[in-house]
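S.K.: Now for the letters of each chain:
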Amino acid sequence: MFTFNVLLPFTSAVVSTIFAVLVFRRYATHKRAGRRAAHLLLWGIGMVFYAIGGFCEGYYGAFGWNALVFRLWYLCGAILVAAWLGQGTVYLLAKQKWANALMIVLGVASLYAAVRVFAAQLDPALMTQSLHTGSELSGHAIATGGVRSLTPFFNLYGTVTLVGGALYSSWIFWRKRVLLHRTIGNILIAVGAMLPAFGGTFSRFGLPNALYLSELLGTILMFAGFIRATTPMRSAQKVPEAAAETPTQLT
Amino acid sequence: MMATDRPQSENDAPPKRQYPAAYERAVPVVLALIALAILVLLGIILVVALGLYPGA
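If you're matching them up, the sequences are chains A and B in order. Here the first sequence is numbered in the working numbering, starting from -17 and rising by one per residue. Here the second sequence is numbered in the working numbering, starting from 117 and rising by one per residue.
These are computed hints drawn from the structure, not numbers from a lab. Please read these numbers as outputs of a predicted model, since none were measured by experiment. Worth double-checking, as some hints may not be accurate.
Simulated DEER-style distance windows between Cβ atoms [stated by the list, open to error]:
| hint | chain 1 | residue 1 | chain 2 | residue 2 | range |
| --- | --- | --- | --- | --- | --- |
| 1 | B | Arg141 | A | Gly16 | 57 to 63 Å |
| 2 | A | Leu93 | B | Pro144 | 51 to 57 Å |
| 3 | B | Leu149 | A | Arg216 | 25 to 31 Å |
| 4 | A | Phe45 | B | Val163 | 41 to 47 Å |
| 5 | B | Ala148 | A | Pro214 | 22 to 28 Å |
Every residue gets a Cβ at the ideal spot worked out from N, C-alpha and C, and that includes glycine.
Excised from the complex, chain B in its bound form:
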């Protein structure tokens, strides 16, 4: 009987890369907060540019 199944190791996907656990949790949160802060900052700049509030 011919072997139809390959050894299990050849079918394994390569291990998924990961950062250390603390960074896995913290990085996406921090990136999201920075993105939000950018939007706030752009809003402030636009308000100043439109003359709705005096700038520097």
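With the rest of the complex left out, here is chain A:
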């Protein structure tokens, strides 16, 4: 149990951090070249949230309860990560003015969520409610009403934009039969982005380690998808690839 509750989330945090560094580097390269880059900045920020969430889970597993660590975990890992990753996809796929408008909304909502989480009363004993053993972090520790109800809205936005966006991009490339590496990359990203959500659901039904394992697999798949999407394949399609005409490029 110690191994799972410490090793899994810390490994997830390390993978997410490496992923974030690579994404930020690509952002810097794109900025220097005068290319669109906002999506990379937001993906990098999203992966930082992912890493913070994993670190907090590992910390709890190794050292036990800490109110600040819990608040950071809930804010970054449970609320913000999916929505901010999804916002990056919005910048990639949507017109800039819509992306900017949604960014303002997300920014204000994130600030509000941060205030609510850091002002909430906590009771770690509540984490052993229902089927939870208390060995993993759980939002049940939040005693103040109305805070946990924020999470579904952020996750809804994140699911539609991140997973839906990756699915849409993959479908566009497949329909045109171009850039196979981006089709595959987007599929990996979509699957990786969904795993933590399903893991959280299984965790609520008492399946041990489901959340932490799904988070680790999720970040690995998203990382693999990013690498795949940004690395053209050497094997040829039956007809040489045409230049991509669609703006739905994962760069």
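With chain A's structure known, arrange chain B on it following the hints.
M.R.: Same frame as chain A, now just chain B:
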């Protein structure tokens, strides 16, 4: 007599682009499964948002 038929090669449509065979079969199946999973996930989120089941 004037030739009324163009050479066959000029009437050929450009070859249809295709992924390698394994991907041609697998990609649409995977995309459909992901779309289904999204719907399931959205359903779960809505159930939690409506307070029918406690969330994280």
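S.K.: Next step is simple, just say for each hint if it's right about the structure.
M.R.: Here is how each hint holds up against the structure:
no.: 1; hint: B/Arg141 with A/Gly16: 57 to 63 Å; in the structure: violated (41 Å)
no.: 2; hint: A/Leu93 with B/Pro144: 51 to 57 Å; in the structure: violated (42 Å)
no.: 3; hint: B/Leu149 with A/Arg216: 25 to 31 Å; in the structure: holds (27 Å)
no.: 4; hint: A/Phe45 with B/Val163: 41 to 47 Å; in the structure: violated (34 Å)
no.: 5; hint: B/Ala148 with A/Pro214: 22 to 28 Å; in the structure: holds (26 Å)
In terms of the numbered hints stated before, the structure departs from hints 1, 2 and 4, listed from lowest to highest.
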